[in-house]
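Note that UniProt numbering gives residue 73 to position 73 of the sequence shown, counting from 1, and the numbers run on in steps of one.
Misleading hints may appear alongside valid ones.
[What the hints assert, rightly or not] Taking CB as the label site, the calculated pair distances span:
| id | residue 1 | residue 2 | range |
| --- | --- | --- | --- |
| 1 | L176 | T50 | 28 to 34 Å |
| 2 | G30 | T225 | 27 to 33 Å |
| 3 | D16 | P93 | 25 to 31 Å |
| 4 | Y125 | D233 | 32 to 38 Å |
[Stated by the list, open to error] In silico lysine-lysine, BS3-like type, Cα no more than 30 Å apart, as pairs:
| id | residue 1 | residue 2 |
| --- | --- | --- |
| 5 | K114 | K124 |
| 6 | K241 | K38 |
| 7 | K38 | K60 |
| 8 | K241 | K60 |
What the hints contain is simulated information worked out from the structure, not anything from laboratory work. The C-beta atom is built at its ideal place from N, Cα and C for all residues, glycine as well.
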Amino acid sequence: MQYASGTLALSETSLDLAQGEFIAIVGPSGCGKSSLLKLISGLHPAASGTVTVDGQPVTKPIDICGMAFQNSTLLPWRTTLDNVLLPLEIVAPHARQMRRNRSEYEDRARAILKIVGLEGFERKYPWELSGGMQQRASLCRALIHDPRLLLLDEPFGALDAFTREDLWEVLQQLWLDKRPTVILVTHDLREAAYLADTIYVFSPRPGRIVAQTSVDFPRPRTIDTTYRADFVDLVHTLRTKIARH
1 MQYASGTLAL SETSLDLAQG EFIAIVGPSG CGKSSLLKLI SGLHPAASGT VTVDGQPVTK
61 PIDICGMAFQ NSTLLPWRTT LDNVLLPLEI VAPHARQMRR NRSEYEDRAR AILKIVGLEG
121 FERKYPWELS GGMQQRASLC RALIHDPRLL LLDEPFGALD AFTREDLWEV LQQLWLDKRP
181 TVILVTHDLR EAAYLADTIY VFSPRPGRIV AQTSVDFPRP RTIDTTYRAD FVDLVHTLRT
241 KIARH
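Build the full structure now, drawing on both the sequences and the hints.
This is the structure in structure tokens:
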């Protein structure tokens with residue numbers, strides 16, 4: 001992947017994921033992790049090579065994908081409920097169906113808001129929510145159209161440690177319930193080890209995969225899992241692999 005400025009973000013990167021797999025990508029800042037998500041989602045074209053999702057080449061933004069970012073990107077003039085419903089107003093065929101039966105989709109949104117602990121906040125605006133609550137709503141928005149692929153670009157990076165760990169549990173439960181394929185980009189090695197089945201380590205720019213590590217801790221994982229000696233060893237190993245490159 002190469003930007004118009006001539007900057008080469010990714011090189012010689014090959015990644016093959018199974019349906020329902022949860023992977024994490026870690027590496028130094030600016031190594032192309034977020035650029036990879038743009039390629040997969042169809043938000044940026046590949047300069048060479050191919051990107052295939054569900055057996056189809058990606059040539060434009062794909063509708064089976066949900067995305068969440070470091071900042072919640074909630075629209076300030078929309079309530080929590082309306083923010084969550086936004087993809088359904090845009091993504092076909094949901095847009096047509098929603099116009100016919102909005103109440104059914106509102107019930108779906110309320111159900112997922114309840115799962116993440118936002119029941120009773122449906123009519124609140126973003127400025128009335130804490131940062132953690134905004135990110136919960138952002139996750140709901142990414143999942144409202146039942147995407148088969150969920151792309152997460154440092155979704156908890158701007159939150160305090162306690163809120164971040166709470167949301168690890170929320171995300172894990174959402175994944176266990178729905179089983180989308182998830183690609184998580186993060187700088188937090190504990191987060192990667194807690195959430196992922198497999199962790200890929202990227203080199204500095206232009207990014208390429210330099211290491212792959214399987215995570216075998218049983219699910220559901222808890223915060224206590226992060227204090228296990230083998231968990232601490234895994235995080236240390238990841239840090240060493242990043243530093244080595």
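Hints, verified against the model:
Here the CB-CB span from L176 to T50 is close to 31 Å, well matched to the stated 28 to 34 Å. At roughly 30 Å, the beta carbons of G30 and T225 sit within the given window of 27 to 33 Å. Between D16 and P93, the C-beta spacing of about 29 Å keeps the proposed range 25 to 31 Å intact. Checked against the hint of 32 to 38 Å, the pair Y125 and D233 fails, with Cβ atoms roughly 45 Å apart.
Taking the CA atoms of K114 and K124, the gap is about 14 Å. The hint holds against a cut of 30 Å. Between K241 and K38 the alpha-carbon distance is near 25 Å, which keeps this suggested pair within the 30 Å criterion. Under the criterion of a C-alpha separation no larger than 30 Å, the hint pairing K38 with K60 is consistent with the structure, at around 11 Å. Only pairs whose Cα atoms come within 30 Å are accepted, and K241 paired with K60 is rejected, the gap being roughly 34 Å.
Taken one by one, the earlier hints fail for this structure at numbers 4 and 8, listed in ascending order.
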